[in-house]
Structures are given as C-alpha cells and as structure tokens.
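Line by line, the protein sequences are chains A and B. Quick note on our numbering: the first sequence kicks off at 1 and runs consecutively. Quick note on our numbering: the second sequence kicks off at 1 and runs consecutively.
Any given hint could be a false lead.
In this list, chains with the same sequence are indistinguishable; a pair is considered to hold if it fits within one copy or across any two.
[Stated by the list, open to error] List of simulated lysine-lysine pairs, DSS-like, C-alpha gap at most 25 angstroms:
(1) Lys138 with Lys110
(2) Lys110 with Lys19
(3) Lys88 with Lys110
(4) Lys105 with Lys88
Treat the hints as calculated values from the structure; they're not laboratory data.
For reference, the chains in residue letters:
2 protein chains.
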Amino acid sequence: MADILHRVGIKGPLSEVYKALATREGAAAWWTGNTQGESKPGGMLKFRFHTREGNEIGGFDMKVLELQPGRRVLWQVVEGPAEWIGTKVSFDLRQEGDYSIVLFKHQGWKEAAEFMHHCSTKWAIFLMSLKSLVETGKGQPSPEDVTVGDWH
Amino acid sequence: MADILHRVGIKGPLSEVYKALATREGAAAWWTGNTQGESKPGGMLKFRFHTREGNEIGGFDMKVLELQPGRRVLWQVVEGPAEWIGTKVSFDLRQEGDYSIVLFKHQGWKEAAEFMHHCSTKWAIFLMSLKSLVETGKGQPSPEDVTVGDWH
C-alpha cells in the first residue's frame, strides 16, 4: 500500500476552507468545474474532467464518508480509473495562527506505479488551487488547471 | 518506510533536463540559489535556503551517488533535518514524444509525519520550477520559491 500525502497552510478561516472542501460548489471552484452530486454523508459526488477544448477525459465518483465541520472531509472512490477504486481521499483541518492547515492523504494505492507519481504532483497543484481560492477568491479548477506534463 | 513520489513532463530535450539536475548551476536555478559543492559521483552538494529577507533557514548536504547522463541522478542526504538524513532523492529521466519525463522519488522516510506531507507538496512546487526553467529559461528557486503555507 502506498499513500499520497500533502500539507498546505492557507491564510484564511477554517470555515472557508471547510466550505471549499465540503460543498459541491466549493469543489467545483478548485478541483473541477464539472462537479455534480450531493455532498452529504453517504452522498455521491461526481467529478468530471475536460480538456480546454471541451473533450471529456474521465473522472471519479466519490462517496462522501465523513463531513466534520471545520475538521475533516473524507471521500472514497467508487468509480474511476482502476488504480483509484477503493482508495480514500481525506482532508484534515486545523487552525494554526493565521493559517488553516490542510493535511491531505490519498490512501490505499495498491502499487506505486507511474500514474500514482503523476497524481501526487497533480494533487499538489490542486491543493494550491484550493489555497488560492480561499486566499484570493479564485482557484484554478479543471479545465483551467496547471498542466504538469504530457498526461492531463 | 514511506516515499514521496512525483512525475512531471517537461517540453524540452533530455540533455537540458539532465543538465539542470546534474550540475551545481542547474540545481541553483530551480531548487535553491545557494547551492555549493561539486556535482560528481562521490561529491557533495550543499543546498542552503534563505528567507526572502536573507535569513538562513537551514538546508541539506547531499552525497552524489549516481550521475547517468540523460537517465538518472541520485543523491543521498548526509546532513539536514533528522527526518531527511539517510533518505535518497532520485530523478529518473526518459524521452516520451516531445516531453522529457521526470520520475521523482524521495525514499526512505521512517514515518509519514506532518513534515513529510509538507516536503511532498514542496517537492511538487520545485519540480514545477525545474519544468519552468527548462521550458522558459527561468525557474523559481529559493528564496523566490512559491510558498505552500506557514512552514517555509
């Protein structure tokens, strides 16, 4: 088992960071503009990605397992690339001075294949988009996300 | 044992990416401006970091274990934060169409502590700086690096 781990500190209130993680509208503003479904415990969120030209390039269905206001959001992947199915994505939050700290984990990868390396870099980019959303009011969700290479 | 893994694709020749990784001048242009020492097998590189105000905030001494032109660079941490000592940092390169692919690994962490989460995000940022250096001629090495939070 291998994990993707990240940590960002966001200059802004925990409540704003939580809102960006725990609501459909929030996720659509930093991860992917095409986010559908219901963000409630037991609910399903459907994240879809497109090229800038508008071609769909797949996505993920995530079951919302935990929503603890100001503290934690936990999703589990139900549909998507084979490597993602069954993995869990969590965001643990806490205040530290002026910062809201986000500890991110994408756990349960069966192997540390090349695709996992790519996803690790890409999650960092999206967490920076989340940071930007809370700090400036504007994220860079797909399809306006920063590209990290030939895989997109 | 836990690992930090990343993958970036850089639009540029392998030889340029390798030069940026395998030379002191290269590393100084994407990781930290204060890079000293000799990049040769068995040599030692000293990476030091400063705040934008010029205060030193530590760094790493790395032994150069492997330099395979156009293919691989491997360092081992000899001095630095306790969590880093003994860990290995590798860059595996290959051509894929117009892209030079960099598979990055920072291996041998004893535990997945919060500091490791931070370093994972930060490595992604520095690999994007490497990408920018090769693609545009300009990286964002420390102390001009992108901040990811309260730890810097």
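Going through the hints against the structure:
1. Proximity of Lys138 and Lys110 under a CA criterion of 25 angstroms is satisfied in neither setting, with 34 angstroms inside one chain copy and 37 angstroms between copies.
2. Taking the shortest alpha-carbon separations for Lys110 and Lys19, neither the intra-copy value of 31 angstroms nor the inter-copy value of 34 angstroms comes in at or below 25 angstroms.
3. In this assembly of identical chains, Lys88 and Lys110 lie within 25 angstroms of each other by CA distance both inside one copy and across copies; the values are 12 angstroms within and 22 angstroms between.
4. For a Cα distance limit of 25 angstroms, the shortest separation of Lys105 from Lys88 qualifies both inside one copy, at 8 angstroms, and across copies, at 22 angstroms.
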